Amino acid sequence: MNINPKIDKKDSLTISEYIKNFARKHSLFVLAYGTGCGAIEIPPTMTSRYDAERFGIRGAATPRQADVLLITGYLATKTLKRVIRVYEQMQDPKYVIGFGSCTINGGMYWDSYNTINSLDKYIPVDVFINGCMPRPEAVISGFVKLQEYIQEGKADGWLKYQNNIEEYRANQKRVIKNWRMPDYNW
Amino acid sequence: MDWSLILGIIITIITAFTVGMFYGGISRKVTARIQNRVGPPIWQNFLDVLKLYSKESAIHHGWMQHLGPLWAITASTATLMFVPILNNGQFYENLNFSGDLIFLIYMMVLGQLGMALGAGQTGNPNSAIGVSRGLSQMVGYKVPWLLALVAIMIQFKVTSITGILELQNEIGWLMFASPFAFIAGLLAFIGMMHYAPFDIVFAPSELASGPPSEFGGKYLGLMMTSGAIFTFAKLVLFVDIFLGGASNILELLLKTFVIYMIPVLYGIVSPRYRTEQSIRYFWGWPTFFGVIGMLYAWYMIA
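Residue numbers (the working numbering), protein chains in the order written: chain A, 1 to 186; chain B, 187 to 488.
FYI, nobody ran anything at the bench for these hints, they're computed from the structure. None of these values were measured; they are calculated from a predicted model. Any given hint could turn out to be false.
As the list claims (entries may be wrong) - In the BS3-like style, the derived pairs of lysine-lysine whose C-alpha atoms are separated by at most 30 Å in a straight line are:
#1 A:K121 - A:K160
#2 A:K160 - B:K328
#3 A:K78 - A:K173
#4 B:K404 - A:K20
#5 B:K404 - A:K81
Please model the entire structure based on the sequences and the hints provided.
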């Protein structure tokens, strides 16, 4: 496994890293994981009225091709399992955007028996977009924030996940009772 | 060692990559404008490819999966090498020897074959469906394409592309000298570009992008590079055969752009065919025009 320790040298990017980050910033392939009601805000964001493609944001068909995992809404423990599989199939560097109040603190499902409250405990989230639901302007502003982080080299959730995998695994196994997942060699 | 040949090859590959990428960007921009959007900048595809090459790729399904994209890019570069870029250029002569049109018919299938083998090993059901669709569709559009090319070979008794280019210096463009073959070739060419309504192979909303669905990162970048080079090679081949080639790069860009815009503009206003509709289409009017082209060729030499 080839990890560049970018966490330590955030404030001094080399030229090659600058160019790479510039390309990553302007070409975000989004895998929209439409779990909750927030998925309804994705079509207007992508289509004619708000047109996210002018920022280089386009939909990806499969996790392998995606850069950004967009979790739109609440996550039942059952769907969390799928989200983890999807996230681990994505190729580094990868980013996660938590979309809506439900991913931040559970939102209106905060005391539900089978939804998770804070997504950040299970997979590393780079940008949260709050609101129930956030409008397309808010979604685009969240993407622009992610682009800023990528350019500065601060969007390093994927490194956090690699470095603290035991902690994340423990959190995941705490809520997912029937843990039957294949081992990935990402 | 002939250094000018090697330099020519390098310049040809860089030209093909750049032009193919820009054409892809222009098609995205045109699509966006027709859908009343602003759309990405026309250099967006360069950023996409740069990003894909800068990703880490850790997917392993077997050896053929790693070889598939390499095979595809080898085949498209090889196809490019055998197509004369300019009809009098020193630099772009590359590897054109006589008798290469029949060879190219085989060569143009090779990349898709490599992709099919590579995608087949990933074990993704979407890939398998995409591969089977792609091979079925190939059976569809190869029939009018072959009929058109064979009609030209019969009519003018020439199989080399350089021979066809020299011929067109004397008798004018072949799209006027053998019009039915041109129509058949153009309709087949629309299918070969894999834009809608013939995008049944890569159908992103239906098949999750089909054959490349398990390929991410650098593999996808290789495939995009290969696609750009192959697009340019196909366009130049079409221009060489039917539109009299080009004597300078500006003329080449103009002609290839006009040809490229036909599938793009037709695709934007079209929904997607089903597989059998697509094959039925190719075996309908395009094949009919191909047969008429053969009869016309036979009539002209008789």
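Hints, verified against the model:
Annotation: proposed proximity of A:K121 to A:K160 holds, straight-line Cα distance about 12 Å (limit 30 Å). Proximity of A:K160 to B:K328 is assessed by CA-CA distance (about 51 Å); at most 30 Å being required, the pair is judged violated. Our distance criterion of 30 Å between C-alpha atoms is met by A:K78 and A:K173, whose separation comes to about 12 Å. A C-alpha spacing of about 13 Å is found between B:K404 and A:K20, which places the hinted pair at or below 30 Å, so the restraint holds.
For the suggested pair B:K404 and A:K81, the alpha carbons sit about 27 Å apart, so the restraint of at most 30 Å is met.
Hint compliance for this structure: hint 2 alone is broken.
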